[in-house]
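In the order they appear, the protein sequences are chains A and B. The numbering of the first sequence is this note's numbering, which starts it at 2 and goes up by one. The numbering of the second sequence is this note's numbering, which starts it at 2 and goes up by one.
Derived by calculation from the structure, the hints in this document are not laboratory data. Hints should not be assumed to be uniformly reliable.
Note that the list lumps identical chains together, so a pair holds whenever it fits in one copy or between two copies.
Stated by the list, open to error - In silico DSS-like pairs for lysine-lysine, Cα to Cα no more than 30 angstroms straight-line:
1) K105 to K133
2) K311 to K393
3) K105 to K126
4) K311 to K174
5) K55 to K393
6) K55 to K31
7) K105 to K174
8) K174 to K133
9) K31 to K393
10) K393 to K174
11) K55 to K126
12) K135 to K174
2 protein chains.
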Amino acid sequence: MTDFSNTRQQFHLPEGLVYLDGNSLGPMPKSALAVARRVIADEWGEMLIGGWNKADWMSLPMRLGDRIGRLIGAPAGSVTTGDTLSIKVYQALASALELNPGRKTVFSDNGNFPTDLYMAEGLLKSLGEDFKLKVVDPEAVADHIDDSIAVVMLTEVDYRTGRMHDMAAITRKAHEAGAIMIWDLAHSAGAVPVDLSAANADFAVGCTYKYLNGGPGAPAFIYVRPDLADRVRPALSGWLGHEAPFAFDLDYRPGAGVERMRVGTPPIIQMAILEAALEVWEGVDMADIRIRSIELSQRFIELVEAGTDKAVLVSPRDPQPRGSQVSFRFAEGYAAIQALIARNVVGDFRAPNIMRFGFCPLYNSLEEVEQAAGILCEIVETGAWNRPEFRKRQAVT
Amino acid sequence: MTDFSNTRQQFHLPEGLVYLDGNSLGPMPKSALAVARRVIADEWGEMLIGGWNKADWMSLPMRLGDRIGRLIGAPAGSVTTGDTLSIKVYQALASALELNPGRKTVFSDNGNFPTDLYMAEGLLKSLGEDFKLKVVDPEAVADHIDDSIAVVMLTEVDYRTGRMHDMAAITRKAHEAGAIMIWDLAHSAGAVPVDLSAANADFAVGCTYKYLNGGPGAPAFIYVRPDLADRVRPALSGWLGHEAPFAFDLDYRPGAGVERMRVGTPPIIQMAILEAALEVWEGVDMADIRIRSIELSQRFIELVEAGTDKAVLVSPRDPQPRGSQVSFRFAEGYAAIQALIARNVVGDFRAPNIMRFGFCPLYNSLEEVEQAAGILCEIVETGAWNRPEFRKRQAVT
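One chain only, chain A, in its complex shape (with noise of 0.2 angstroms):
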């Protein structure tokens, strides 16, 4: 059973903060100031280049994708860390649509996070025009799959409403019409048991400063099925992913299975960091961290829709087919969030108009879900959002 209260314990959260935005943004594990200092000032201070083989700076990508690994459903040595999500968004949809040459149709759904959308856009551009990205709605996806679909690429939790698809019966619709799967897992690691081994996937990609805790612009992660590793071309093709980079041989060689999907030098002190966050999970077990993020997204949804009819759930009321976040529909939702963050309660705003909260068992409690709730719906219905200092849109909302 894993034990929240110890978990708790080991993020700094401000006195008196209650943060719901943790699928944007996790909070600083305590343990990341003191790995820090170790790898910036006992590692690169003191043995600058000789840290790559004394402090094993080498492996951390790796050492990185099998801590992940273990909550996503995926074997030792098939995942690999690095660069951004778009960056890895882009690598898996480059290797995917070789994999399947006879095929020149991406499909998605308007739910994925737009910068899927816009790199998969970017790289069918460059790969010629009968390349072409099909969107629909994702409530849509399962009865659009057919056998004109080189690559399925989906983000499993829906960035606006938490609506998430069914892994498993999609990534079986993908292989029967001859596709190739790609997850995105965003909003879904360490967020929600993920099984990557029993859905068959093909490709995931995921970032880890969301459920992950890993810091503002932690590396993203990418896994490939091992037994399509060592088959897959890499686009960026960087000498990390090499077999022998130190070789600094003209021709490129991938290296073996996920490796490939290195690219550049990999930012180390952001991977120390990740990885003290990710120690956190270690006895955690993801079917507490479910159980846990149902009882607090509907006691969320339950106390909000007693205390207003202004704000409406756009979130699947239905727990089963949503992932760890709850999302209101509120027509001044941009300033309705902004005053309940001047009240010490912090959600996120998605255009046009969604109110968003993040339940990350890791550290929120029940008190706390209460507490938000009792807030919004004295904002929402009192008005209190009507002021011009909520109103007015800052840079990143």
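Take the given structure of chain A and dock chain B to it, following the hints.
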């Protein structure tokens, strides 16, 4: 006049160590730890998601770009930072090829760092079999630029020998032949004076963990000539290069100028540390750096050649076409470098037989250079390299 005793004091240099490998990984600026504490504890820890606005993380990539721009002759707003050098090479090359649609040959030399060639190879394979990478010896570059070439892609300073291309002359030649010119400044930025504007370069890329001392895996940079920047199509079209990332549109619209070369969420912690490292450059004149660099490297060559004839200079003897490094060929170079490290002098080895030494005026002194040359000669002359522990290869060399 640059005060090099002041710049040296701004770095942590382990007692007794002579570090001539800043061309692989620069040493830690003393301010790095305090900045890491600020960005981790005060910003991430206390502001959480609010850091993007309150601590202005959002503008960090462009702020860093402006600081780097001042060292490479690039105007404000023409350089941005993020990702790795490999990724930035890919971006520049993909964009450059589209600016020259009738041509399909990318031209480079075998002194380019392998990852540049690998990334080109990966991109060209994706684009189709008409696309070719042509590679010649560095000395032959000027004579092989003709109107079949779409893009000339060169690293200004050869990572093996330190041989430096004539940036202005080759760029002119490329343009006369109707080609686009990309410069990789990995061994130039902070090492030698660079004037991208005067040379009329189209694209430039570089890394920040060598002479710019940003730390292991610090982000890369990319420059696009301002009059081209609004015309280039980013192949890696990520959300932070979008005109309005937080509108969450389904379609990609490139941001203004070089901002479109941003891709995913940038590594804020590494970037904050890089910012601290770039502050050391305030008040530093690149002309002074060059004078001092030549003084250090000439003295090293003189002393090594006076002390042994077993190691053969492979860098240009004339300082003018040489970057801020000196390399000697020695059949047992790998073991000799290990023996040297055991004597507290750090240089590095590049396959197959090159002993490489970087000179960084910010912190290297003439006394260090003299000491290093003496110990190197002793090792080479006496055969002190010939011990099993020095000949045993490690992962990173």
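(request) Pop the pair K311 and K174 into one bin, within, between, both or neither, using alpha-carbon distances up to 30 angstroms. (result) Answer is neither: 39 angstroms inside a copy and 67 angstroms across each miss the 30 angstroms cutoff.
(message) Checking an output row: K55 and K126, CA cutoff 30 angstroms. Within, between, both or neither?
(response) Neither: 44 angstroms inside a copy, 37 angstroms across copies.
(request) Indicate which option fits the pair K135, K174 if close means a Cα-Cα distance not exceeding 30 angstroms: within, between, both or neither. (result) Result: close within a single copy only, 17 angstroms intra versus 44 angstroms inter.
(request) State whether the alpha carbon distance between K55 and K31 is at most 30 angstroms within one copy, between copies, both, or neither. (result) Answer is both; intra-copy 25 angstroms and inter-copy 21 angstroms each pass.
(message) Reference check for the pair K105 and K174, CA-CA at most 30 angstroms: within, between, both, or neither?
(response) Within. Shortest intra-copy distance 18 angstroms satisfies the 30 angstroms Cα cut-off; inter-copy 39 angstroms does not.
(request) First find the shortest C-alpha distance between K105 and K133 inside one copy, then the shortest across copies, and answer within, between, both or neither for a cut-off of 30 angstroms. (result) Both: 6 angstroms inside a chain and 23 angstroms across chains, each within 30 angstroms.
(request) Give the relationship of K55 and K393 under a CA distance limit of 30 angstroms: within one copy only, between copies only, both, or neither. (result) between (51 angstroms within a copy, 15 angstroms between copies)
(request) Measure nothing new, just compare the shortest in-copy and cross-copy C-alpha distances for K105 and K126 to 30 angstroms and report within, between, both or neither. (result) both (12 angstroms within a copy, 17 angstroms between copies)
(request) Give the relationship of K393 and K174 under a CA distance limit of 30 angstroms: within one copy only, between copies only, both, or neither. (result) neither (45 angstroms within a copy, 52 angstroms between copies)
(request) Evaluate K31 and K393 at a C-alpha cut-off of 30 angstroms and name the case that applies: within, between, both or neither. (result) Cα proximity of K31 and K393: none, with 34 angstroms in one copy and 40 angstroms across.
(message) My question is about K174 and K133: at a cut-off of 30 angstroms on alpha-carbon distance, are they close within one copy, between copies, both, or neither?
(response) Answer is within: at 20 angstroms inside a copy they meet the 30 angstroms cutoff, but 39 angstroms across does not.
(message) Checking an output row: K311 and K393, CA cutoff 30 angstroms. Within, between, both or neither?
(response) This pair counts as within: shortest intra-copy Cα distance 22 angstroms, inter-copy 71 angstroms.
Hints 4, 9, 10 and 11, counting from the list given before, are not met by this structure.
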